[in-house]
Amino acid sequence: MKSRKIGLHQFMAVPAFALYAVFFIYPLLKGIGLCFTDWDGIKAAHFVGLRNFIDFFHDQRALSDIRTTVLFTLGSAPLLNIVGLVYALLMNSEFRGKSIARMCIYMPAIISPLIMGYIWYFLLQPGRGFLYHFFDGLGHPEWFGNWMGNYKSALLVIVLVNVWQYAGMTMVIYLAGLQGISRDLYEAAKIDGARWVDGFLHVTLPLLGPSIRINVITNIIGSLSVFDIVMSLTGGGPGYQTETLSIYIMRMCYGSKTGYSVAVAIILFLIVLIPVAASSWLMRKKEED
Amino acid sequence: MTFRIMDEGKGMDIEMKKILCGLRYLIIIMISLLCLAPFGILLILALNTPRRNFYEGNMFVPDFYFQNFPDGWKQSQIGHAMLNSGLITAGAILLIVILGAMAGYAVARCKNKFNQTVYLIFLCCMMVPGIINTVPLYGLMIRLHAVNTLWGMTCVCATLAIPQAVFVFTGFIRALPMELEEAAVIDGCSQMQVFWKIILPLLKPSVSAVVILNGFGIWNNYAQAAFFLQDRAKHNVPQALSIYFQQFAGARWNIMAATAVIAIVPVVIVFLLFQKNLMRGLTDGALKG
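Chains as they are written, first to last, in this note's numbering: chain A, 14 to 302; chain B, 796 to 1084.
Keep in mind that the hints were calculated from the coordinates and are not lab data. Treat the hints loosely; a few may be bogus.
[Claimed, not checked] EDC-like, lysine to aspartate or glutamate: derived pairs with alpha carbons at most 20 Å apart:
| no. | chain 1 | residue 1 | chain 2 | residue 2 |
| --- | --- | --- | --- | --- |
| 1 | B | 813 | A | 53 |
| 2 | B | 992 | B | 977 |
| 3 | B | 812 | A | 200 |
Let the sequences and hints guide you as you build the complete structure.
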């Protein structure tokens, strides 16, 4: 057909790729070189071998940041998917006010996590917070704890606020997937005597494959590089306990340890690579079956 | 006898269905309220006089004190920050949509080696969190004199969103019927004209999806802004809010809330304008790629 004739349209991917190459691929490749240096952002860089990486694994704060980041991801990625899927199942049929309900659920996702963090901080702050007064009003002030002042509960609060904010985004992707499933399949399953659970397990879940993959991967990546919500809710506190790797990277970069912070970024990249590689391996295995 | 039992069974079924339906409505309303509650609290806070204790009297009826808005507007210079955020977002969205759609068209319709490789690179790089490339990018930005400039931030934000946009547009264009384009070519259009005159107008739903999925993230960008927009005159909304909020250390919630409301309003308006097309943009092929 016409496409055999060489035309300008064949090269329409060039501008996008050029922008990407300059602002993403080139710095990324450069970063691989920089992570072996003591560059401070201004002066010339000296090669220091693996010292940045050795320093990283001797820094208690860095190791605690890895733990926080991974724990946050283990909490938030599965929860986001479960809550998002439940929302989508609830929303995936005709009822009055459907689009309004969808809008409400998506609404938190469009607001700056920074503002969200401040609102939740207002609700949760010890002694004066909204929830304290709520429990006080119920006659049980002792139900309220200083949730932001303790590592475990602060982390839990960050996970829950994150899920609350982004479940709508996950829901929208699942809804799009659900709408691609033909009604006939459910009818057929019903005629064969399948219960709702069977239909869900054997029709919905397998056909939702692509949506699940997209959601799981984006949620894992987003959670591993979480920044804003932690900054505004705890600022990494108490101490440095809830600091995540991406905040650590920014603080190290500000602290003129640029080479070191590039090394930390590379480590974060390797951490991200593990679940991504695992998921694409699982995907390929499934396709082979 | 048997008939009557069946009838009773059916009656029970309908009853059960009604209860389930009502229950579902209740759950959906509760979820929606949960998602909107913080907005309500923000609004009530913004409308209270600074002297009022939030928990005094009926906390759900604010004072309707509007002086917080002009005060917050003046002190925080949020207007300037909103202008910066708006310019960055508009520029980045324009870049993302035009470059992304061009690349999507090339990938979907011209299956040459270059386009396929570009697509593969985008797919892989979609997995790399932006924060990883931010620190090495800082060096490049200094050399390009792009730190503390709006165009620099625009390029950075567009770059981070391009892979996903290409993915969405490619899926959408692949799902479009070829006949339209073939007819246009027979009528004497070149392939470039086909793109600008036929494909681009058809992309409207997926443009909405791309705007919603990326636009708010760019408006609210904090992680990259913390690096590239340090100059006070170039602050975007989250930067300005976080600096402004830090002055009060959580002491003047009313004025903070009023400022946050001002910053939220344009976002909500844009969301309401685009949300109708969001679902269509996602369902019509975006996820099938």
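Results for each hint:
| no. | hint | in the structure |
| --- | --- | --- |
| 1 | 813/B with 53/A | violated, 67 Å |
| 2 | 992/B with 977/B | holds, 13 Å |
| 3 | 812/B with 200/A | holds, 17 Å |
The structure shown violates just one earlier hint, number 1.
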